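Turn these sequences into a full structure, and let the hints guide you.
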Amino acid sequence: MDKQEAFNRYLSNSRTLFSRTARVTRRRRVIAATLVGMAVTIGAALCPAFAADEMVIRTMGPVSYVCGGIAADERAKLAAQEKNFNMSILFTQGDGEYLSDVDVKMTLEGQPVANFKAGGPRCLIRAPEGSYNIEASYKGQTKSIKITTGTRNAQMRW
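Here the UniProt record's numbering is used: the first residue of the sequence shown is 1, the next is one more, and so on.
No lab work stands behind these hints, which were simulated from the structure alone. One should not assume that every hint holds.
Here are the simulated lysine-lysine pairs, BS3-like style, with alpha carbons at most 25 Å apart [said to hold, decoys possible]: (1) 83 to 117; (2) 117 to 105; (3) 146 to 117; (4) 83 to 146; (5) 105 to 83; (6) 77 to 117; (7) 139 to 105; (8) 143 to 117; (9) 105 to 143; (10) 139 to 117; (11) 83 to 139.
For clarity, every value in this text was computed on a predicted model and none was experimentally measured.
Quick look at the structure:
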């Protein structure tokens, strides 16, 4: 009795560790795991925007916006993008500390135009010409401001 036969007697009769079926199954599992690993690696390399709170220009109806600006690199990115937007707003506390996760609702002539959550203290907004009412809520406290296109330094304090 050779080693394989001695080992196989402890396994079920329908499938052994060294059978062709077992080898094929193991090979398929290794190939599947390799393909999944490659897909995850390629996806992470091609889609850095899915990193935690990466600054992404979003569009809602006629309005495009991007929010960020806590870290120095985000402030630099926003400064570079500023020429592509016609409004900006900054959210702070009374002592000047920056705020994020502010719920923002934009209306034009009483009609809702955009609703979003500001992922950072500074938001750049591109919207059609007009005068907009911006209602922002932070921790249940709501503030409102009216700004027109071309306003670059609007600020809301809590």
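Outcome of the hint check:
1. 83 to 117: Distance ~22 Å between residue 83 and residue 117 Cα, so the pair holds.
2. 117 to 105: Holds: residue 117 and residue 105 sit about 9 Å apart, inside 25 Å.
3. 146 to 117: holds, 18 Å
4. 83 to 146: Cα-Cα ~21 Å, so holds.
5. 105 to 83: holds, 23 Å
6. 77 to 117: holds, 19 Å
7. 139 to 105: Satisfied, since the Cα-Cα distance of roughly 15 Å is no more than 25 Å.
8. 143 to 117: Given pair residue 143, residue 117 holds - Cα atoms ~14 Å apart, limit 25 Å.
9. 105 to 143: Answer holds: residue 105 to residue 143 is near 11 Å, not above 25 Å.
10. 139 to 117: holds, 12 Å
11. 83 to 139: violated, 31 Å
Consistency note: the structure conflicts with earlier hint 11 alone.
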